[in-house]
Structures are given as structure tokens and as C-alpha cells.
Amino acid sequence: MSVPAPFRLLARAIVCLTLSSRMVAADPPLSFNRDIRPVLSDKCFACHGFDPKTREGGLRLDTPEGAFATNKKGKAAIVPGDPENSMVWQRILSADPDEMMPPPESHKQLSGPEKEKIRRWIGEGAVYQKHWAFEAPAGPETPSHGLDGFLAKSWAARPDLLPMPEADSGTLIRRVSMALTGLPPSLEETDSYLNDTAPGAYDRMVDRYLNSPRYGEEMARHWLDVARYADTHGMHLDNERQMWAYRDWVIRSFNNNQPFDRFTIEQLAGDLIPDATQDQKIATGFNRCNVTTGEGGSIDAEYLFRYAVDRASTTAQTWLGLTAGCAACHDHKYDPLTQKEFYQLYAFFYSNADPAMDGNALLTNPVMKILPEDHAERVRGFDEQMAAVQRQMDAKIPEVPYTDPAEQDPKPAVQPTDNVWFEDAFAADAKVNEGGAAAQFVEAPEPVFSGQRSLKRSGQGTVQDVIMGGTLPLTVPHDARFYLHVFLDPGNPPKEIMIQFNSGEWKHRAFWGADLIPFGTVGTPERFAAGTLPETGKWVRLEVEAAKLGLSPGTSLAGYALTIFDGTAWFDQVGVTGQNDPASDPQQSFKAWHRASTGMNPPGLAPDLLAVLAAGPESEAMREDLHRLRSYFLQRVCAATVPLFAAEAAQLAGIAKERETYQNSLPSTFVWNDLATPRDSFVMERGQYDRPGEKVSPGVPAVLPQLHQSAPGGRATRMDLARWLTAPENPLTARVTVNRYWQQIFGVGLVKTSHDFGTQGDLPSHPELLDWLAVRFQESGWDVKKLIRLMVTSHAFRRSSAAPAPQWQADPANRLLARGPRFRLDAEQLRDQVLFASGLLDFTAGGRGTMPYQPPNIWEPVGFAGSNTRFYKTDTGINLHRRSIYTFLKRTAPAPFMVNFDAPSREQTCSMRERSNTPLQALQLMNDVQHVEGARAFAWRILESCPDSHPDAPGERLRFAWRTVLARLPSPAESAAVLDFYRSRLAKFQASPDEAARLVTVGESKPAAGANAVELAAWTLTANLLLNLDETITRN
Amino acid sequence: MDPLFERNLQLTRRHFFGQTGLRLGGLAMAHLLGSPGRALASAAPQVHPAQPGLPHFRPRAKAVIYLHMNGGPSQLDLWDYKPGLKEHFNEDLPKSFLGGRITTMTSGQARFPVAPSKFQFAQHGQCGRWVSELLPHTAKIVDDITLIKTVHTHAINHDPACTFVMTGSEVPGKASLGSWISYGLGAATNDLPSFVALMPQFPEGSNGQALFSRMWGSGYLPGKHTGVVLRSSGDPVLYLDNPPGVDRSDRRAMLDTLGQLNQHRFQQFNDPDIQTRISQYEMAFRLQASVPELTDLSRESPATLELYGPDVKRPGSFAASALLARRLVERGVRVVQVMHRGWDSHGDLPNQLGNQCRDTDQGCAALIQDLKVRGLLDDVLVVWGGEFGRTVYSQGTLTETNYGRDHHPKNFCMWMAGGGIRGGVTLGETDDFSYNPVADPIHINRINATMLHCLGIDHERFSIKLQGLDERLTGVEPMKIIPQILA
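Going down the list, the sequences are from chains A and B.
Take the first sequence: its position 349, counting from 1, is numbered 348 in numbering that gives the first Met the number 0, and each next residue is one higher.
Take the second sequence: its position 348, counting from 1, is numbered 347 in numbering that gives the first Met the number 0, and each next residue is one higher.
The hints are simulated quantities; they were obtained by calculation from the structure and are not laboratory data.
Just to be clear, a hint being listed does not mean it is correct.
To be verified - Using 25 Å as the maximum straight-line C-alpha spacing, the simulated DMTMM-like pairs for lysine to aspartate or glutamate come out as follows:
id, chain 1, residue 1, chain 2, residue 2
1, A, 339, B, 457
2, A, 494, A, 514
3, A, 52, B, 476
4, A, 107, B, 240
5, B, 464, A, 230
6, A, 107, B, 476
7, B, 464, A, 104
8, A, 52, A, 98
9, B, 479, A, 104
10, B, 479, B, 428
11, B, 464, A, 913
12, B, 479, A, 684
13, B, 479, A, 41
14, A, 368, A, 659
15, A, 52, B, 469
16, B, 371, B, 299
17, A, 116, B, 469
18, A, 339, B, 469
19, A, 42, B, 240
20, A, 751, B, 292
21, A, 656, A, 433
22, B, 464, A, 810
23, A, 42, B, 470
24, A, 1005, B, 240
25, B, 464, A, 761
26, A, 116, A, 97
27, B, 94, A, 301
28, A, 129, A, 64
29, A, 129, B, 469
30, A, 129, A, 115
31, A, 1005, B, 203
32, B, 464, A, 224
33, A, 52, B, 203
34, A, 656, A, 673
35, B, 464, A, 34
36, A, 42, B, 457
37, A, 872, B, 360
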């Protein structure tokens, strides 16, 4: 292998330069936390750290006690002030593979500068410090320039960094608007800010955005990444889950500026607040957001374990910035968190009342119906309407002629009956195949036995039509024989025919042919063999006695089913024959009904009459009560009199339906509830669900302050945990939280690893600033808006992001903020921005996730056949153009506009998104229908911004467009380049107007009537160009 | 050259080019790593260079084609020949075998009746390997492949098992195998993505389980390493086509102006990201040309098309995807992952498995033969396998000719061929019931470790720091590569 000579020389030159500049610099004393711990943590602690199970040679270097202890030979790993006599230093220098540290097989090596640091630190006395993040914030004094004072200190020693001046006003308002609302400023907002020359204009502008309802939407987006919120379960079928109320609650909470400690308590323990409000319960959805499964064959214990691990790890990472999940399998290698302590955290979450299998259901318990504020009123309204109708019915009773046949002398004669249940259609209001394939009715020339239609059923394996309820009474008469007519397809006959009845349970079945349908117990009325299959190709009547199926006279049937195995069959005329004895028929005799209904709870019966009913017809009930019971019988049961109340019954049904529609329209959401008796938690050996070890109870890591239990001596609660997280003495929560907001506002956290404040995490770039912010945040009552205001009104935030090249090299990630923050917009912001510029954006907030444009075959090729999120059904109308935070999130196939721009799949908590820069992003921003339609709608706004008659119409229009997107005017060079492009495309579309017409009709929304397609197309491409500028897709 | 110095040199150079906005780093890198060979030639600047220090040693393979048979192919009916089972037809599987993790789909069964394979096996090739009659084409290439009969996994359900084979962990959220390779070795082409995922059609009526985007996702690695799904209908790459009414010259003109304005901006701001953005828009433009050329199979010779069989003419078929996989690696794509669904034969296995094999057998064999003829097989590692195997006992009704099989994690078959792998080797032996390995059990992460090894990567040293852990594809437990199968 060879390297071109010039490169080799250049590289050496750079290496030399770097080394020599280091040597020249003055050497301040080393700090353990800043200089030494990162090296030891990375290279040594895995074997000489906190975890006793992996500790080698009994030596730990993470504490001074361990490092300074002498061994049998009187030697110590570290002798403060004396590197030469420190074993550590000797072993580092050793060239013997058996002696050298770190050992070769660890694949870890100390660099030259790292070795030198260790030597110097020992020489300087080997002073240890506790890991900075576990000590309470010091609360440093406020420097003269507040927040900026801290930053200024870090430039003092850096002559290569000069603070940049304030950015221009246009850049500033766009920066603030994007940061606080996720949208660019409107032209009106920009103008009003530019025209406000009074002192405090900037602060007023910031406050306008902080008070915008869009603020909550932008803030919530970041939190929902942390909360791993999505609209599907996440595993296997990945079916839809309904918990968007939680997403909407987060938005509301930010808009209301809920203090962060309350925000914490409600999400972790809202259900434990006395008389918790609906919102406080919705908030507990936080730890129901985790991925769950419903995959057949899964082992329950394994998933209960995994869910609790996820919930504990997410909680620890979110509030403590600790990567506790590592300790699920073993003591943490780097942070002082034992495996037992992890399972103590886990114990807080191991007793949620949700099942291991989510059932692939929209709602997996525990769930809560969300009631609107006027709910009680609405319900009362329905009740009153129904009571009014009932009064009308009662008023008619005296005029109803009725004599109980059981009381006639002689009793009326017994008559044969024949009730047809199916002829051309099922009974009115019957529920057919709820949730399954629709019943298929066919007419001649297909086989029809009688009437106009028959019922056709075909398929593989067990297939059926299930008919439940209906107004026709399905009562079993005396000597009942059920009958059905079937026609079997001679080319593809079923292997089996079955009829099933539901008497409250599906326990009555007769079948003909092979015994393949796997329902019921063989040899019982649940699975009665009624005979062989009838001849194919002709109509045959099949009959079976009710007695054979365990059905006695007077039994009410809730429904029946017609089932086949394989093949094709037609059914027609289904019903029951028998004998009618009016005196013992519950639908004719009040007494007979009363006797048959004793102990039952008939629908709609006044509750106080239940006792009368239960007492039976022979009891000495109050006459008045018996009269009311008789009224109920006449109004609702008696075959002869019920028709007299048909009009009122229809009214009642109408009201009931309305009430049901209302009830069904109420959404529900996943909430947290504990089991009545908590599950015992154990340390799980090696993180395996089936290897419980020591039993543990809820608790917190010993390295952090003590937990105060509300019930001392009892079991610690999630409320105790939430209060502990937000207690003033907790060193982590406030730091972790302000750091996440800093990251959101400035692009990178003061602690770059915003998810990890442990010893493996990065050190803060400005430790004093972080502590100052954390203390102020707590002292302000955890006021988030105030904190955000503090950040965006700083000089640091307002600086220009343009800087000389050497300054970019000196601080590539802009950790020291000598220039303003500059980074690519997030996925949602990019989509919302184009919708905003185009004027298409719809601000409707909340509700079920929307399905905006998505290319075909994102969901379909991956979805399981039975999944209800297999097919993506693009919305129409406003839902195409709602804000991206409302987009439906399917975890196993997330929307391309999201993942393409580094949005997480929400399968795990995520506190920091990547910011990649890829060709696929370019393709999307240029070609996605969302962006093309947006460009066209924007083009129309551009055209409308200036009349054709204007002497410089194109120039005016460009200025409008430029300001709309970038809140500034184009430079003459920029203007000239874009207008050149515009004119060249105009010429092209003039030559090919058909192409123009095709371009301007992309998307569901239509171009404005009377628009000139050629001009519109040229502006569409120009808008597309502007929307793809680096500056446009950047928060500049 | 001293490897440490080489590493420093690369680091320094990357740093240097990153600062100056020059985009020559990749060119030098390609040079450093030696000529990448005909298959993976690329003279243009490298957009995604390798990680510093990678490959760790001389690679045997430069690209991977992973043929993932999703659902769990039955080892008993394809590769793991157990003639003795005929005598045990419908007998209960001895109790001593049961225990351990069984899915709750069959754990409640009253009986576990042994279901011998109804298919004929015969010996093939010089190695004399037994192969089922369901794989007549693959039988012709047995001397080119290593068969591992004892791969095992922890997972017993599809979702965690797929997540495990593809990301080294059952828990969603990790980076996929392909994204790791893309991250580690970078791209050998600027005109195509380095990691491509294909999802061919599968037989109607088969039990198609779900796929999950995490199987080709980048997890905690930078998003650019996410597998790009090449689609058989619509835009082959998402958003590839210009909108209606916009042609290539419009796009060129737009990009010229865009580049000019962005360059102008760069001169004011000096943000190196602006330079990257300009180059990514240019790459997008190149993709618009290179992808249609790539997916156009019409210029393949009649002999090649015949090799893959008549299905190759049907866009989106497995055969077409196999051919496309060859074209992709030929053009410098690092990893091609073909995910064929429908192998989850809980019932009616003989019929379903027959359909699955008819759909894929010829394509698999043709791919190996085609690569070989072109001299590419030495540079391309091909892997075939599912997420677990299937039980010897029948799920549901057992007859002489029909049966079903439940998931079986303890041993299943995978095969590997090409770059760095010996041909004609069979590794591992299972007991008489194909229920437990009796020799050479191979953890799924050892397969992945070995794949990395073939690519010149020491999997133990291939990690990124995340949440205090050195995250690696092959997990935290020590995993050895499989030396027996290396050429």
C-alpha cells in the first residue's frame, strides 16, 4: 500500500503542528473530572471499576480508597505525587504483553497524550472528585452579563474565537419563530418586527411566539421523541393504538406552561393524585407509550419483564440522564448503579395492570374514555328524551286490550308454528358478521330456493356468517325443529356444514359431513353429528331437533351462525317449526313470561321492578308494581300488543342510537393503573425473564439522594419516585432538563450526550452555566417558558452564524457559541415550512393521526396480512395539510418524510436526533408531491403578490417569495440568478405548455381558476428552487 | 506501512478535508485500500468513506448479498436429512426433548407427534450433500456453499427473531447488519446507496409474516446508513422521479442555480455543511440517471436471463430481485438484503413450502452461478437463511402427506457462499429429531461475526460508544467467528 507523497508530507506537517501547539500552551493543573475520569472510564473501569463481577485483581481505580490501597507487597496502584512508584504508571509503560495495561486483548490503548495526563495527574497529587453530575449544582453567582457572561469566559483563553455580531433582524425573527413554533414568520410578523423600533422589540417578538398556540406543538414534538409516542403498538401486527389524547395533552401542557415538576409528577404518577382530573390521568400515558406485542405464541412473563425494563430505563434516561438499561443484565460497568438498584427502579413499573399481550387491539387496558366537558349534560338530555317517550307509552296502557291466556278458561288450543328467520334477508336490525367479511346475497341465475335471494358462502377452512339479535324474537318453541335449505356446489362442495346457536354462549351446534370445524366438544350438544353431507347440486332441507342441541322450549336465542369448511354453499329459508301453546308462551302470557324471566334482567326494565320480577308471578307483590311490570310486558314483549307501541319504540330506538353514536364517538386513551396486588419484583439474573434472583422492592440508586416515602416503612410509590425526581436536592433532573432545552435551542447540549450524564457521557462544555441554569430553573418554579425566553434572548442565540473559516475549524460543533446556532431543520419543520409558505397549512389541532401524502408501498410490502395498518389510506381535504406533529406514526414503517430526515421510529426513547445530509433528502425536497404541490400553491401566492401590470413584476414577485421563505430580501446577485432561472423555465414552458399543465396539477388541491399554467409552472419550479436553498432548510 | 501511522494519517486527512471543504478524501482512501477490483471500481470522490482504521485486515469479500427467507424455512424438509424419522411417524416426540422455550401456539397441544419429511432427499455434488427434492437448482451449487445445520437463536417469535438476526438483539432500536457494514466500510460508489433492501413478491396463499423497517434501519448509527429500499413498482427509489412536466434539463438548470446560490452562501458563512449539501444534491441528480439504468434488466444476455428462469421477466419476482442484487454489487453497492416472505408454514407445510421453493430455488442458484461466471463470487459473500427453524413435531393434524410445523429456535440451517467462504463444507450436526445440535452449535451472532470477518472487520473492535456501552452488532456476549468455514 502506498500513499501519494504530497499527502504523506502534509499529514506529517499537520501532526507536528498539532503536537507543537499543545506543548507551547501553558499547563493549568489537571482536573480529575475533566481530564482523567474520561480516560480511566473508557480504558480502565471496565475491569477496575464499579462492577465487582468484572473487577480484575481486586483493584478498583474509580475511588481513591481503591487506588491508594497497598497490596501485600506494600505497593499501591497510585501513590499520590509519585508516578514512578505507582503500579498504574509502571504497568502503563510496560512493553510486556502480560504486564502492560490496558492488556492487548482488551483492544483498548492509551494514546501518548492520555498517558502523559495520567502521569501528570499522579504527580500533581492524584486528587479525585466525585462524578460531577452526582453532586448538587453549586448555584454559581450570576456574572455581569447573565448567561452570556459564562460563555464569554470560555473565549477569554481562545484568541482564535471572536464573538460574532448580532444577526440581521430578518434572520433573527426567522430563527426565533422556527425555534419556538417550528414555522417561519409570516410576512406580517416580519414587517411588524422590523417596524418596531422601540426598545424591547426583540423581547416583544419573542413573547408573541411564546404565547402562540404553535409553541406547544413545537415543544411537544421534542418531548414525544423522549416519550417514544406513536400510533401503533410497534411489534408484529403493529396495529393501531389509540392514545393521541396523550400527544394532545403534551401540547396543551406546554402551551399552558405547566411547571416541569407538575409535568413530571402527572406523567409518572397522575393516577395517584387524589381525585385526579381527566388530564392528570391522560398524562400517565407516558409509560404506556412503549412498544408492545400481540404475537401469537409469545410467552407472557417475557414481555411483562421487557415492558417494565423499557419503562424503568426510559424514566431513568429521561429525568436522570442515566443509561440504567445497561444494569438490566449486570452491574453498570461505568456508573455506580448496581443491577439490584436497576431492579428497584423496575419494581416501580412492574405492576402496571396492562396484559403481556396487547391483543392487537386499538385499546389495551387500562384505558380511559375521554369525556367532553358537557358530557353529563348530554347524557341527561338523552335520559330525559327517553323518559318522555316512556310516559307517552304508559299513558296508552289503559286502552290496550289484553287478557292473559293463562287466565282464560278454558285455555286456548295448542297450534303448530313455523318461524322463518331468513328469507331474502335477515331480521331487521340484526348484526351480521360484525368485524368480518360482509354477507353475500345472490340472485338467480345462482341457486335460489325461494323468494328472490339466497345467501352464498365460500372459502378455505372454516368460514361463516354470524347473525346476532334483531327484532324478530328467536325463541325456541315446544317440539322445536330447526331447519335450513342448502345447495352444495358440485364443483367445489364444502367438506362440512354446520349451524350454531347462541343462548348466551355458543354452546349448541349441529353439523353434517366431516368433523373438521374445530368448535365445541365432540359428542356433546356443542358438536352434534346430525348426518352426512346432502347431495350436491340441488336444494336439500336439513333439520335437527332443538332437544338434541340442549335447547329447551322458551329459550331465547341471541343469535345463530351458518358455517362451512372449504368449498361453496348457498343457504336459503332458515327457521324453526314447533307447537304454540299461548298459555305457556312467554310472548303471549304475562304469567308465563314472568315465570320464565324470574331472576333475569330484561333490557330497559326500571331497576326497582327487578325485585318484583325476581319474586315470580305467585308472590304477593304490590299491585301497583305488578301493574307496571305488566305495562313493560305489553310494551316490549307481548306479540299481540307490542305493535301498538311501534311508533314509540321507533322513537326510543332512535334516541338510543343517537346516544350510542355519541358514546362511540368518545375516544379513549391508554392510562396507567397498578394491579390491586403488586407483582413481586426480582433481580433478573443476566437480564433473563425466567431467571429471578433476589427479591427487591421499589427504590432509588444509593449514589443519589434518599427517597422520601409517603408511607414510611411501606412500599415506595411512583408518586414518591416522581417527587424525588423533582426534589430540590436531586442533582440530575434539573440539569438534564435544561440541557435538553439548550440542545433544542442551540443545536447541541451543554452536555453533548444529552441522554447520558453518567461517567461515560461527555463533560459539560460550560459546567457553571449548566448549574446556573439548573438552579434558576428550579428556583423559578420549573418555569419552562421563562427558561426558553432566557435562552433565546441571550446574545449567544442572537449572534450571526456567519464566521470566518478558521473559526469554524476552531469550533466545528459550535460548542462555545462565538457564532450563532446554525443547523438543518427537523423533519416536521421542513414539511410544515413548505405547507406554511404555500398557504395550504391547516391549523386544526389534535385528534387521530392524519395520513398525508405518502408514496405507495411503504406500509403494504411489510405489513402482516391481518394487520389493520397494512394499507395506507391517504387522507383527503384538510388532513393532507395539517401540521406534521399530527401525522399518524406507524413504528414498523414510519413515514418517509420523517425517517428520511432522522426522525426516530419511536421504538425506543430518543433524546437527540441525528442531523444527516443525504441525497435521498434532496430527492424528497425536490420531488415529493407534498413539496411540489406546496411549491405550486406558493407560486400562486407569488403571482398574486403583484399585478402583471407592474413594471418590474417578476422582480417584485421574487422579493415577495424570498421574504416569505427567508424573512429577508435577496441580494442583487441572488435576485439575478433566480430571475435568470425563472425566465429560462418560462421560455421552456411556453414552448411546451402541456408540460406546464402537468406540473401545476400535482397534488389534490387544484390550481386557482384562471391561473396561467405556463407562468404558474415557471414560478412553481422557481418556488421549488427557493424551498431547496440551503438557507431555507436550515435554521440559520 | 505502520498500521497506527496509517490510521493517524487517515484521521488527519479526514479532518483536513472536512475543514477545507475539499472532497478528495475518498479518492485517497480508495487508493489507500488498494484497488477495489473490477466489481467495485469507483474513480469518483467517495461520499461516504470508511471509518478510520477499517478494514482491520485484508478483506476476503467486498460486498454482501443476504437472502433472508422470512418466516422460518423448515430445515427438516430442505437440508437436515433425517431418514430415520419415517419409523417414528406419528409417535410422540420423547419427553426428554421437550422443555425449554416452546411457543404458546403448540405448548398446549396434547401430543407432539413426529412428522417425518414427506420429501425425497438425494446426494449432490462432489461433496455428496443431501438435498431435498424441493431444491433441484440449489442442489447444483452445493459444492460452492457452506451449509451450517446448527444455527440457533433465543427468539421464538417472528418479530424478536427477525430483529435478532438482522440487528444482533431482540429489542427494537439497534442498528441493522447492513447499516453497520455501510457505516464501517463506506460506499464504493457515489452513484448508488451503499446499502439496498429488496422486498420481492411472494407466493399468494403463503403465510406472509411482517417485515420491520428496523431490519434495514440504522438505529443509533447515522441515518445515511439506512438501507435504501429499491421498489419494484412506482419510483424504484423514493422520490427519484422528477414531477410530471419536469425533465432532466429543468432539474439540471435548477441545480446549477441552486449550487451557485448555495456556494454564494458558503462564501459568506463558511459552514462546511453547505458544501456537503451541494454535493448531495449532485448525487441525487446522478441517482436519477443511474437507478433506471440499474433496474433495466433488458440488456442482460438471453443466457443470463435463462439462467434465472422465466420469473426473471416479472418485475418484483424473487428471480428478478436476485439478478438485481448481482447488478447492484457489480456497481459498488456494499450490502444487498433480499427479504422473501411466506416461509411460516404452521399448517399445510408440504404445499406451502413447495410454493416457496419454486419461487426462490432457481434464483438463488442462478445468483451463485452468475457471480461465479463473472468472477465476482470471490468478492461477494452470499448468505441464505431465515430467523429460526421448524419443529419436528406436527402442529395441527398430521397425516402421511400433510402436516404443519411450529417455530424452532434451537437449530436451523443457513448457507453461505463466496467471498472468504469454503465451498462444499457442512458444519454442525443435529440429533435424530433435528431438535438439538449435537456438534458445533452456532449462535446467530457468530454468523454475523463471521460475515464481518470476511469483510475484513474484527467484530469485537467494531463498535460505537453509546449510552456508556461499546455497542456492537454482535452483542455484549463474547462471540467467536467460525474458522471452519473460511476459505
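Exercise. Of the hints stated earlier, which fail here?
Worked result: 1, 4, 5, 19, 20, 31, 33, 34, 37
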